[in-house]
Amino acid sequence: MLIGLLSDLCLLFGGLLCLTGGVGLLRLPSFFVRLHAASVTETLATVFLIAGVMLDTGWALDTAKLLLLIVIMFVANPSITHALCRTAAHGKYRPESNHEPQASHQQENQSSNNSTS
Amino acid sequence: MIVAAILALLVTMALVLTRAFIGPTVYDRILAVNAFGTKSVLLITVGGHAMGWYSYVDIALMYALINFVGTLAVMRFFETHDPRHDEL
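Heads up: the sequence lines are chains A and B, in that order.
Counting in this note's numbering, the first sequence runs from 557 upward without gaps.
Counting in this note's numbering, the second sequence runs from 105 upward without gaps.
In case anyone wonders, no lab produced these hints; they're calculated from the structure.
Owing to the predicted nature of the structure, the values given are computational and were not obtained by experimental measurement.
One should not assume that every hint holds.
Unchecked claim - Only part of the chain B face toward chain A is listed, based on derived beta-carbon distances under 7 Å: (1) ILE106; (2) LEU119; (3) TYR131.
Even glycine gets a Cβ: it sits at the ideal position worked out from N, Cα and C.
Please put together the full structure from these sequences, using the hints given.
What follows is the structure, given as structure tokens:
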């Protein structure tokens, strides 16, 4: 009974996180903000949803496979996000800002990075 | 409660697909397609468990690995791409 309640709670929280990530991916203004919203919620929603299924399955071979799936997604999602951010930076895509001080701050950061490298 | 999770996954897939269609840059589309692949892995897992499919976890594992490698390949292809030069 307690296991079933815990499984329902995990599934509910995972679904809520999924919805949050989808709305953030659709509504947020800039690419890097969307990247942040999608990746963070996606990683945690994956863990919670698969953990909910895992609790509902019980002790079987599928439990180990679901644990392997959790590990794979938990490693793959942040590395995909990191690689996509690097890809956007290599493709000369910089975040556009509306404020002048922020833009100059970014330019300072870039110039300092260039000078140090 | 598992039906609520499946419904949330379907709504999220619709939202992510909308972003994949209207995305201003190519990186938005890559991000949306990757998120769609992750959501379909989750949908296979949760829906397969709810409907009592046979060995659904293997299909989800394969789909997760193929999604990872495929997204990396597409990102490798677009690494030296300048989004200011064309409207993709």
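Here's how the hints hold up against the structure:
Hint status for B:ILE106: holds, given a least beta-carbon distance of 6 Å to chain A, under 7 Å. Nearest Cβ of chain A to the Cβ of B:LEU119: about 4 Å, under the 7 Å cut. The hint holds. The beta carbon of B:TYR131 is positioned within 7 Å of a beta carbon in chain A (closest approach about 5 Å), and the interface hint is therefore held.
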